[in-house]
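Novice: Put chain B on the given structure of chain A with help from the hints.
As given, the protein sequences belong to chains A and B, one line each in that order. Residue numbers for the first sequence follow the working numbering, so the first one is 6 and each next one is one higher. Residue numbers for the second sequence follow the working numbering, so the first one is 124 and each next one is one higher.
Just so you know, the hints here were simulated from the structure itself, not pulled from any lab data. Treat the hints with care, as some may be off.
[Said to hold, decoys possible] Capping the alpha-carbon separation at 20 Å, the derived lysine to aspartate or glutamate pairs in EDC-like fashion look like this:
1) B/Lys505 with A/Glu117
2) B/Lys505 with B/Asp473
3) B/Lys505 with A/Glu35
4) A/Lys11 with B/Glu504
5) A/Lys11 with A/Glu35
6) A/Lys11 with A/Glu31
7) A/Lys124 with B/Glu504
8) B/Lys507 with A/Glu117
Next come the chains, spelled out residue by residue.
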Amino acid sequence: MSGKLKVIAAMSGGVDSAVAAARAVEAGHEVIGVHLALSSNPQKYRSGARGCCTVEDSHDARRAADVIGIPFYIWDMAEQFHAGVVENFLSEYQSGRTPNPCLRCNEKIKFEAVLVRAKALGFDAVVTGHYAITKEVNGVKTLNRAVDPEKDQSYVLAVLTADQISGAIFPLGDTVKDDVRKEAQARGLFVANKPDSHDICFVPSGDNAGWLRERLGSEVGPIVDQNGKELGQHNGAYTFTIGQRRGLNLTVPTPKGEPRYVLSIEPKTNTVVVGTHEALAVNKIVGQPPIWCGPAPELNKVYKGFAQVRAHGEPLPTKYQFDGTHLIADLDQPVFGLATGQALVIYEDDRVVGSATISETF
Amino acid sequence: MAVHSSQIYFDHAATTPMVQPAIDALTAQLLKTGNASSLHSTGRSIRKELEEARESIAKAAGCSAIDVIFTGTGTEADNLAIKGLYWLGAKAGKNIIITSTFEHHAVMDPIKWLQEHEGATVIEIPVSKTGSLDLTALQAAVTQHGAKVAFISIIHANNEIGTVQPIDQVVKIAGGIPVHSDAVQSFGKIDFNFNQLGLTAATISAHKVGGPLGVAALILKKGVNIEPVLHGGGQERDIRSGTFNAPGIIAFASAASNAMIHMQARDAKIRKLKSLLITKVLAAVPDAWVNGQSENSLPGVVNITFPGSDNEGLLLLLDMAGIACSTGSACSAGVHRPSHVLMAIGLTEDETTSSLRFSLGESNTEEEIDKLAAVIASVVEKSKSAANKKVSK
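Isolated chain A (complex conformation):
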């Protein structure tokens, strides 16, 4: 996309989206700043690096827009956020999977609800402070890794369709975070030194398990080994994640005294299955539904590429194919402790091919 565009800059109140908006203005676009109110009962203040959408964040976003010199509005997306992200988060845990809400937010809110609304109101694209690069290849906009490997967010953007990518602008992909902070300082943006946000924004306490227990209740269930032998008890299977080692409170040791890990979660029987590290090995990953960030691969054709299964995980050499329903990755080397519900993202070098939510592992 080139030339002067009318764009919406999604401004969280953090340093990245502020610099992204400023760069969009410099690129010659007509930029309108929008802060998304995602909680119907916003926390008043940030506590450390936790949480977003507080009154303080909306104030910071407004002040950044003032400094940049662009109009600023607040869009209430609380209802859509609750339906598309929070409820999905709860139901995924209830089904024994471990969801990634940031991915869902990009998929359902930032590049769906916001982009659709922006386009209906006459805008061409949405600008965000995500660290990723879009490149045009044969007239098609592709999604690629950012230059800063520490900050690269292509993984959480891999839920965007080619159409959505064509309506997205990521001005920060070519810059490392330290330089973004320096640039913010130089631009007079006082959010230059604001801490990065981590954790899940709608769980401001950071106590994920406690938050889930409050909403899903806590029902005592068994912790068993792979043979079904009961080793202990838990207060709600959904608060566990595959690969988890801590917090199991088991009293029966293994014969060799090795640590045990969560292997699977069975929500129907409220059972947590544990075992040794080798039992966590995954060689094959199946995910659905696939989302293609560019052209879809040919049906049943085996390609070579890289799989990534965590936001800042290593790229794992893999063969992959699409069978019409599933995205299937055959890893060259096993990966350990992989939770269903997370995203499988396939890369061809630095280009994101597509993604799928992990439904099965072998």
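Specialist: What follows is chain B alone, placed relative to chain A:
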């Protein structure tokens, strides 16, 4: 006496430009030194001007000078009246508050606070679809609970839809029960006479009539000794403490006098503009409708629903087209809230978020209304397609 931007300003009910006599009075006062409570001649000289200002505001509001208690904002005056009258009544065992379903937040929220923290029982009298208080329901509530009612508070002219309430009838029905009325939007725009209406308390504010921000008044009948909210030097009848904002008060008086002098001419001019706005906007968007009624209402306020649209989008697009208007109130984070006023007159939540308030003032022209009429249809269309998607999600 101008809006200091190139924007077409249709938000005079939020605040309106200061009028020249008030600007002159304020700037002259800013050059003077003196605390109006001081006993020396410097202080006395400021006090003299301040008391003249009080007398002139009293004249404009149809009350005695001693009834006027200056405050910092209309919200402060409403809080003072509501909490004060409640605590006064509660001492005599009266813990019921009667109010309407479409008060301003500055009245509604302190009443809610009294309900949650001080044991008040609240009776909300409904309003009709055209935005008039249901006097039969009020009569019934007074008949049933009269002896236990601490006070009644009914807005004089609604801030979102502009409809004027029959305060004289309310006072008649109230009998001996004290009545407070928030007259922030009506004072200086339409007839408002505190004594003739028989009110016990009323709220007025400077910046809605061309005075400065940060000064308002509670008109409270002499002898009604309510508890203060702010304790301190006791400057205003021991009911409101704080150093007198002499420049603000004196400029308020200039603005109020100016408003009284020009009321009739202003009323005629602005009503004509409003009627033009309604005709042209409804012609451009045939399924739109006006909320409330345009006859018995404030000259400049009109609230229009554009069905299927979303007022966040409407406001953004109009703002980009250089036109300022309002969607109603927002929370502290800036999120629009569905209007309780529009819900009170029977709109659905969806309809309230499809509504805009245009409020006209002296600075507006027919050309500006033509500019609005030229863009409104396409703005509404775009907003509708954005909103439909939102609703279907």
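Novice: Which of the numbered hints above does this structure break?
Specialist: none
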